Amino acid sequence: MPEDNPADEDVLHRAAIDRSVRLPVLFFFTSAAAWLAVSVVLGFIQSMKLHSPGFLDFPCLHFLQYGRSNPAFMGALVYGWAIQAGLGVCIWLMARLCRAEIKNPITLIVAGHFWNIGVLLGVLGIFTGHSTSIEWLAFPKAVWPILFVAYSLVVVWLFTLFQRRKPGEVYISVLYILGACLWFPWIYLTANVFIHVLPGSPIAKAATSAWYLGSMTYLVLAPMALASAYYFIPKILGRPIYSSYLSTLGFWGLAIVGGWTGIQKFMGGPLPAWMPAVSGAAVIFAIIPVCAIAVNHHMTLRGQHKLIESSPTMRFTAVGAAAFTFYCVFSALNAFYPLGALTQLSQTTMAFQLLAVYGFFSMCMFGAIYFIVPRLVGCEWVSGRRIRFHFWFSTYGMISLVAVHFLGGLWQSHAYAQFDVPLENAISAGRPYAIGASVAWVFIIASNVMFLYHLSLMVFRLGRKSEQPAMIGHADHTG
Amino acid sequence: MSDELQNHDYEHKTSVRDHGSVRREKQEPKTGLEPITLSLVAACAAALMIGGGYLGAKSGGFDFASTTVNGYVPDPPDIEIAAAELSELDKYLAGGEAVYKATCNGCHQVTGGGQGQIPPLVDAEWVTEGTERFAQIILNGMTGPISVNGKSFGSQMMPPQKGSLNDKQIAQVMSFVRHKFGGVTDIVVTKEMVAAAREKHGAQANINTVASLAAADSYLPGEQPEWLNPEPAEDAAPAAAEPEN
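Protein sequences appear in the order of chains A and R.
Here the first sequence is numbered in our numbering, starting from 0 and rising by one per residue.
Here the second sequence is numbered in our numbering, starting from 11 and rising by one per residue.
Hints listed in this document are in silico derivations from the structure and should not be mistaken for laboratory results.
There's no promise every hint is true.
Straight-line Cα separation of at most 30 Å, DSSO-like style, residue types lysine-lysine; simulated pairs [stated by the list, open to error]:
#, chain 1, residue 1, chain 2, residue 2
1, A, K305, R, K178
2, R, K178, R, K210
3, R, K36, A, K102
4, R, K210, A, K102
5, A, K102, A, K165
6, A, K464, A, K204
7, R, K101, R, K111
8, R, K101, R, K201
9, R, K111, R, K161
10, A, K165, R, K40
11, A, K102, A, K204
12, R, K101, R, K178
13, R, K111, R, K178
14, R, K36, A, K464
15, R, K111, R, K201
16, R, K210, R, K101
17, R, K36, A, K165
18, A, K305, R, K40
19, R, K111, R, K210
Between beta-carbon pairs, the in silico distance windows are [as the list claims (entries may be wrong)]:
#, chain 1, residue 1, chain 2, residue 2, range
20, R, G126, A, I202, 55 to 65 Å
21, A, S427, R, E236, 48 to 58 Å
22, A, Q467, R, T47, 19 to 29 Å
23, R, K161, A, A416, 21 to 31 Å
24, A, K464, R, P45, 39 to 49 Å
25, R, E38, A, K464, 23 to 33 Å
26, R, D196, A, I434, 54 to 64 Å
27, A, I105, R, E38, 25 to 35 Å
28, R, I46, A, K165, 45 to 55 Å
29, R, I46, A, S200, 37 to 47 Å
30, A, M298, R, D73, 39 to 49 Å
Note that the structure is predicted; figures quoted are calculated from it, not measured.
All residues carry an ideal CB built from backbone N, CA and C; glycine is no exception.
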């Protein structure tokens, strides 16, 4: 094999680190994948309910109405799947990059249990009609302290890992993880306090909610996924990341502008004009770190693009990173009124959220999981075909879902803007696209059920006992 | 391959051989030190310029009271109101309304209801019946006593208007008053009719009394104009109410 032959101590040290984080990371991954399966089924149901309210309309299933299944779906996707998968990846990356074994992993598992209890209470609360009806914060008010404490516990453990790091360069992924560690509690606490505990005017609550969505995307989901991309791209290529200057520019750029984003959603609304203006400018400024990150990844890959084909991790990460660039560029274009007016109040919101959470974040997480899990359980993924299935169904499902919601939303907003025709026209204008979205959801469900099944095989040690990794192309390399 | 990589270090609980995936992976990533390219710097500068311009244009001077800024709130699109084209009749009556506002409504009021000793025009037989005596009153004025709608009026005098209004103005105002206050919507008074009245009565020096007026069934001679709908009953009724607005 063409690889350099690392010193045995090194290998054993890495293996020891992997062993120390095995339980918490696998716990986070499996519960995240289970929540993902729940959320994509709910996603399908809420999509069906949008255009055919009679779907599954039995008295015993009354709680699946759109008004409950939609927030339950988003809650399960963001808190059940995304953040848990992100935490699992962050724990593993942090331990690897600090070259430190984790102590007391049981605390992390306890935190993980609390997190899952919180999400479960939240989703059940929504189903029993106790939703707060605020986007991404729809869980009943009693739930957020549980999630906050559980996350903070993980943060403390990640910081102790960082404290015990081996001397040497602090790799860029570590910065991103530390960022996500600090920013989530700040954003989550602020949003909940100003919306649930000390609510101001309804307009201020709406602005806080929009800010929360923007900041969650730019300051929590993005850093977690970028930490993973920054690790796995050079790792699998076996060459250094292109430029430390670009890494620094990308990180600090995102750190500076990320917390200002979100409120551009309400441009033209009854807010002081500078609030949406500042957010709009922030998403335009965000192009700078996004360019830096994209160029950095691309230049690291130079000449080796065929690796994307054969390595599952590279493939998922590449799609995720591309979706990130796409998301940020589109958000910047959206800050301008001619496009923003067409995307403010329609299905396009769903397109953007899915592009961020599924297209960008989840794809990066899938890539990381395909790399990490074999090292934790000591066996290889059962088959490359299943990974390919997961990849293509996810990619095509996500692209068609985003495209359908985006175009449908444009059409719908255009109909909303017709002052002299009935509102019903706008709603029926979105209908064919909502049906298309339901079809795309079937793809997403198929792909993620396969993923959950495949991951379960690995967790129960039913993977291949082999020296050869599961590849999805024909190249010979590691990954 | 597996033979030559076999680890014989029995002091470790696990050997390298047990960690196939860990062993075959590459070194932990490091960071290169390539410089930032000029084109990227230029792209960043462009993004800064655009974002700064955006902020300047949209922020409304960071004034908390300023909630709308040009470019945010769209102008409503040009809504096609079916702006009914004014008919010739409407234009004619609008001219009469203008004369009425300038000359008559100081005494007879906008509503045509009169005030005090000034008699009303609404449904008055002097308006709805013969046009000759109506024209006489306008041309040469009127003084009481006179009975209008069953009530007696007498102490006020209406001045002659023949010097201040021309034939067309008198014709229009008569048509307007008959349409609006008298409910006579199927015919109008033309300037030819008024010219005939002026020819007949224009030299009269005295102000009219009831005795000097023509009979109630005496209409001024003349044709109805060509533009008047031969069956105007349906169209003219709403049209008659519109000039108010």
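Do the hints match the structure? See the list:
no., hint, in the structure
1, A:K305 to R:K178, "violated, 92 Å"
2, R:K178 to R:K210, "holds, 16 Å"
3, R:K36 to A:K102, "holds, 26 Å"
4, R:K210 to A:K102, "violated, 121 Å"
5, A:K102 to A:K165, "holds, 15 Å"
6, A:K464 to A:K204, "violated, 54 Å"
7, R:K101 to R:K111, "holds, 15 Å"
8, R:K101 to R:K201, "holds, 15 Å"
9, R:K111 to R:K161, "holds, 25 Å"
10, A:K165 to R:K40, "holds, 14 Å"
11, A:K102 to A:K204, "violated, 41 Å"
12, R:K101 to R:K178, "holds, 13 Å"
13, R:K111 to R:K178, "holds, 16 Å"
14, R:K36 to A:K464, "holds, 20 Å"
15, R:K111 to R:K201, "holds, 19 Å"
16, R:K210 to R:K101, "holds, 28 Å"
17, R:K36 to A:K165, "holds, 19 Å"
18, A:K305 to R:K40, "holds, 22 Å"
19, R:K111 to R:K210, "holds, 27 Å"
20, R:G126 to A:I202: 55 to 65 Å, "holds, 57 Å"
21, A:S427 to R:E236: 48 to 58 Å, "holds, 50 Å"
22, A:Q467 to R:T47: 19 to 29 Å, "violated, 39 Å"
23, R:K161 to A:A416: 21 to 31 Å, "violated, 59 Å"
24, A:K464 to R:P45: 39 to 49 Å, "holds, 47 Å"
25, R:E38 to A:K464: 23 to 33 Å, "holds, 26 Å"
26, R:D196 to A:I434: 54 to 64 Å, "holds, 59 Å"
27, A:I105 to R:E38: 25 to 35 Å, "holds, 27 Å"
28, R:I46 to A:K165: 45 to 55 Å, "violated, 29 Å"
29, R:I46 to A:S200: 37 to 47 Å, "holds, 44 Å"
30, A:M298 to R:D73: 39 to 49 Å, "holds, 44 Å"
Against the hints set out earlier in the document, violations occur for numbers 1, 4, 6, 11, 22, 23 and 28.
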